[in-house]
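For this one, chain A is given, so just place chain B on it according to the hints.
Protein sequences, first through last, are from chains A and B. Mapping to this note's numbering: the first sequence position 73 is 73, numbers consecutive. Mapping to this note's numbering: the second sequence position 194 is 194, numbers consecutive.
One thing to keep in mind: the hints can contain errors.
Identical copies carry no separate label here, and so any pair may be met within one copy or between two of them.
[To be verified] Derived lysine-lysine pairs resembling DSS-like cross-links, with alpha carbons at most 27 Å apart:
1. K92 x K11
2. K114 x K92
3. K107 x K319
4. K139 x K71
5. K71 x K12
6. K92 x K297
7. K114 x K103
8. K72 x K114
9. K319 x K291
10. K103 x K72
11. K114 x K139
12. K92 x K298
13. K103 x K319
14. K319 x K228
15. K72 x K12
16. K139 x K103
Source of the hints: derived by calculation from the structure; they are not laboratory data. All figures in this text were calculated on a predicted structure; none of them were measured in a lab.
There are 2 protein chains.
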Amino acid sequence: MQIQPKLSDIKKVHACIVPYINRTPVLTCQSIDRMTGSELYFKCENLQKAGAFKGRGAHNVVFSLTDEEAKKGVVTHSSGNHAGALSLAASKRGIPAYIVMPKTAPKVKVTAVKEYAGQITFCEPTLEARESTADRILKETGAVMVHPYDDYRIIAGQATTALELLEDVDQLDMILAPVGGGGLLSGTALSAKAIRPSICVIGCEPEMADDAYRSIQAGHIIPSVNPKTIADGLLTSLCDKTFTIIRDLVDEIVLVSEEAIINAMRITWERMKIIIEPSAAVCLAAILSNKLNVTGKKVGIILSGGNVDLSVFFSYLEKK
Amino acid sequence: MQIQPKLSDIKKVHACIVPYINRTPVLTCQSIDRMTGSELYFKCENLQKAGAFKGRGAHNVVFSLTDEEAKKGVVTHSSGNHAGALSLAASKRGIPAYIVMPKTAPKVKVTAVKEYAGQITFCEPTLEARESTADRILKETGAVMVHPYDDYRIIAGQATTALELLEDVDQLDMILAPVGGGGLLSGTALSAKAIRPSICVIGCEPEMADDAYRSIQAGHIIPSVNPKTIADGLLTSLCDKTFTIIRDLVDEIVLVSEEAIINAMRITWERMKIIIEPSAAVCLAAILSNKLNVTGKKVGIILSGGNVDLSVFFSYLEKK
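Okay, chain A solo, but in the shape it has when bound (with noise of 0.2 Å):
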């Protein structure tokens, strides 16, 4: 894929994942609906394989290889969702991946890794040290190199959710999803404005790491310089693929605080019972934060994914 995705190819991707992917409800929650004045349709992608977005992009990459493309293996690095979604999708393939994490990356995200057979190679946490250390992987192997974003397959992969959205949900006036590399917010866009050209697109990012916002402020891609969040999957920087649908698609990016990212996350948790992380937790907390006015709006929320470290939690539990 070449190109930038048309609804008919993210709708051809759809039909080449099904068989892998769940399709993930869509839930709702009255009393949230009724704190924000609006109607909210969560589409829960914590819900999904491997738990997050992301085993939508990495199944339509590792599936639409030919078998001598794909006997060597794939090569990522990540922060950690995309890397348990491509050792999934690979070990179902029944091929190597190889992947790259910075050495920062939380442990329940190494460890869905490691049940999926990926073979991690830790690195320092910039965008530079995985990079140089993928490159150098990718010359040992012969491995594909499956960047998490950086690829019109990906990308295309992570529209899936917004097509399944509004085929559930009729008549959204917006749809929310987190940016971080802007993967799963331009596919979110390209499907959204295709299939309903009025709907409304927005990114949400946290206001410690605000490159998207500035980026797209400023007209050009501006890198994210070692930004710290407790988003750990919205560390990355737009590419050009996805700074360019951005700019063109979305209506506006919204910026967070981390005090509003927790209460978000605690109140998905609390009034909803599904466990997500703090990336996906953006979306909601620029609303109750009054970033952005839903009064009397019907808003689809893309909930990113669920892959949390519990065990502060538990060890308090076992210890009682």
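Chain B alone, transformed into the frame defined by chain A:
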């Protein structure tokens, strides 16, 4: 409803409560299936309104009262989830709910009652204190007593959980439900055995609150005496109605340790990304601790609720 509900009664109750409850999703989890060598279908009553199956019975009672009966409100005693559910149902009908709660009830359940405008009176955590306090309020207010399970209208309401599960999943070999007072388990047995006579119905109970197990063994009700278990929804004892149904229709009651409950709860949170309370973890605990052989079987599991106090986890996050 003066006699044991039949399947036709349960279906009528379902039609009556459908406007007020969620048709909760049935989720599956490949990694837990792999661990257990079985196919497990989780009926997610943790995603029910007010976070537990209890809303089914409560709405049935509240909406089957005449206006004359309803106007002075409803009274109950409950360790938590029935209290929240009854408060919610009463608030929807616009009548008062008077709630007697043991002073040891989890804060999150107390908060839920307050949010639904239930009027709480705290008492000692014994059945006797709960009943005598409720009796007093009953006399003072003229409200209608709604027992959490000693009521066929409640049992028929809880029975709609298994009704939906068996509508959604064919050919189940077994169905598992937690047992406290026995409302859910007896309702489950009534629906499941009527729809699919060959199904095996299993009750799961904490070793530390094993009164249902001992009652069935003995052939008469042996009340729980000051039980202490993390499964705070399973502290109550059977009543005649639930004892009789369970004795006649439930194939086995399986006991699980506290450690097994916490482990099953953790695995559910981590793998399925949903929040279940300890009481809801007893069924998976029975399987994972090899108290029940499910190899090769297709098994329905009722996840009864998801009301857990999350403050430990979030105070940790906020401090970070």
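Do the hints match the structure? See the list:
Taking CA atoms no more than 27 Å apart as the test, K92 paired with K11 passes inside one copy only; the shortest distance there is 22 Å, against 42 Å between copies. In this assembly of identical chains, K114 and K92 lie within 27 Å of each other by CA distance solely inside one copy; the values are 14 Å within and 49 Å between copies. Taking CA atoms no more than 27 Å apart as the test, K107 paired with K319 passes in both settings, with 21 Å inside one copy and 19 Å between copies. Taking the shortest Cα distances, K139 and K71 sit within 27 Å of each other inside one copy (15 Å), while across copies they are farther apart (77 Å).
Proximity of K71 and K12 under a CA criterion of 27 Å is satisfied intra-copy only: 24 Å inside one chain copy versus 58 Å between copies. Taking the closest pair of Cα atoms, K92 and K297 come within 27 Å of each other only across two copies (24 Å); inside a single copy the shortest separation is 41 Å, beyond that limit. With identical chains, the CA atoms of K114 and K103 are at most 27 Å apart within one copy only, with a shortest distance of 14 Å there and 45 Å across copies. Taking CA atoms no more than 27 Å apart as the test, K72 paired with K114 passes inside one copy only; the shortest distance there is 19 Å, against 60 Å between copies.
In this assembly of identical chains, K319 and K291 lie within 27 Å of each other by CA distance solely across copies; the values are 24 Å between and 40 Å within a copy. Taking the shortest Cα distances, K103 and K72 sit within 27 Å of each other inside one copy (25 Å), while across copies they are farther apart (62 Å). When the C-alpha separation of K114 and K139 is checked against a cutoff of 27 Å, the pair qualifies only within one copy, where the shortest distance is 22 Å, while the shortest distance between copies is 62 Å. For the identical chains of this complex, K92 and K298 are inter-copy neighbours only, at 23 Å across copies versus 38 Å inside a copy, given an alpha-carbon limit of 27 Å.
Taking the shortest Cα distances, K103 and K319 sit within 27 Å of each other only across copies (22 Å), while inside one copy they are farther apart (29 Å). Within a single copy, K319 and K228 get their C-alpha atoms only as close as 31 Å, which misses the 27 Å cut-off; across copies the closest is 15 Å, which meets it. Taking the closest pair of Cα atoms, K72 and K12 come within 27 Å of each other only inside a single copy of the chain (26 Å); across copies the shortest separation is 60 Å, beyond that limit. Proximity of K139 and K103 under a CA criterion of 27 Å is satisfied intra-copy only: 22 Å inside one chain copy versus 65 Å between copies.
Hint compliance for this structure: no hint is broken.
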